[in-house]
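Enquirer: Sequence:
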Amino acid sequence: MRIKFPDQPEKFMESEIDLFEALQELSAVATVPDQYPLLVELKCINSLLELLSHDNTDVSTKVVNLLQELTDVDILHESEEGAEELINALAEAECAALLLHNLARLDEQVPDERDAVHNTLGIIENITEFRPELCTEVAKQGFIQWILKRLKVKIPFDGNKLYASEILSILLQNTPENRKLLGELDGIDVLLQQLAFYKRHDPSG
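Counting in full-length UniProt numbering, the sequence shown runs from 1 upward without gaps.
Don't read these hints as lab results, they were simulated from the structure.
In this text, all values refer to a predicted model and were calculated from it rather than measured experimentally.
Keep in mind that the hints are not guaranteed to be accurate.
In silico DSS-like pairs for lysine-lysine, Cα to Cα no more than 25 angstroms straight-line [as the list claims (entries may be wrong)]:
hint	residue 1	residue 2
1	Lys180	Lys140
2	Lys180	Lys149
3	Lys161	Lys140
4	Lys140	Lys152
5	Lys180	Lys152
6	Lys161	Lys180
7	Lys149	Lys161
What follows is a set of in silico ranges between Cβ atoms, one per label pair, in the way DEER data are often shown [unchecked claim]:
hint	residue 1	residue 2	range
8	Pro111	Glu84	15 to 25 angstroms
9	Leu151	Leu38	31 to 41 angstroms
10	Phe197	Phe20	22 to 32 angstroms
11	Ile188	Ser15	40 to 50 angstroms
12	Thr31	Glu129	33 to 43 angstroms
13	Gly183	Ile17	45 to 55 angstroms
14	Gln145	Asp112	35 to 45 angstroms
15	Gln193	Ala104	19 to 29 angstroms
16	Ser165	Pro132	17 to 27 angstroms
17	Leu185	Glu14	39 to 49 angstroms
18	Leu151	Ala28	29 to 39 angstroms
19	Ser53	Gln24	17 to 27 angstroms
20	Asp74	Lys152	27 to 37 angstroms
Each residue gets a CB set at the ideal place from its N, CA and C atoms; glycine is no exception.
Given the sequences, and given the hints that come with them, work out the whole structure.
Expert: Shown next as structure tokens:
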């Protein structure tokens, strides 16, 4: 509706409000992982991933928050079968690439979008903790490149930069392919530059 009537917000506001309400209702499912197979069967996961490219970033950030809740590791371990179904669906849809596409348009100066960046990293942490072999796929889909770019941004050290460095560590642990990719991307130089910066500056200051 937003694409069809870009200059007539009254045409699409109601549908987006309904969409927000539906996403809010889906949050309840995050507490019942036994229902995850039903979400997959009904193609809800695919629909959520498609919404990551919605013109309204308020919608995409809401979806990111929901996916972060759904992939919470403690919740996943409550139902191994449900968790496997969910993780399989996310992996098959190459969710990391879709999340990256959304990351590219988020403005971290906007609080909700800054939180969405953090929650996106949380999704990556969750799925790779539950299934470590996904580290390779996440890297192949571009996450190491994004993290290196994020680390190079010359802004004061913040929570997202710290979290990004933690995710990089996770992606590199026990994954020789990713360490090789880091070298090919001149990632060692980026990391050395970061270390040099903190040697020159007192982190507590």
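Enquirer: Identify every previously stated hint that the structure contradicts and give their numbers, smallest first.
Expert: 8, 10, 12 and 14
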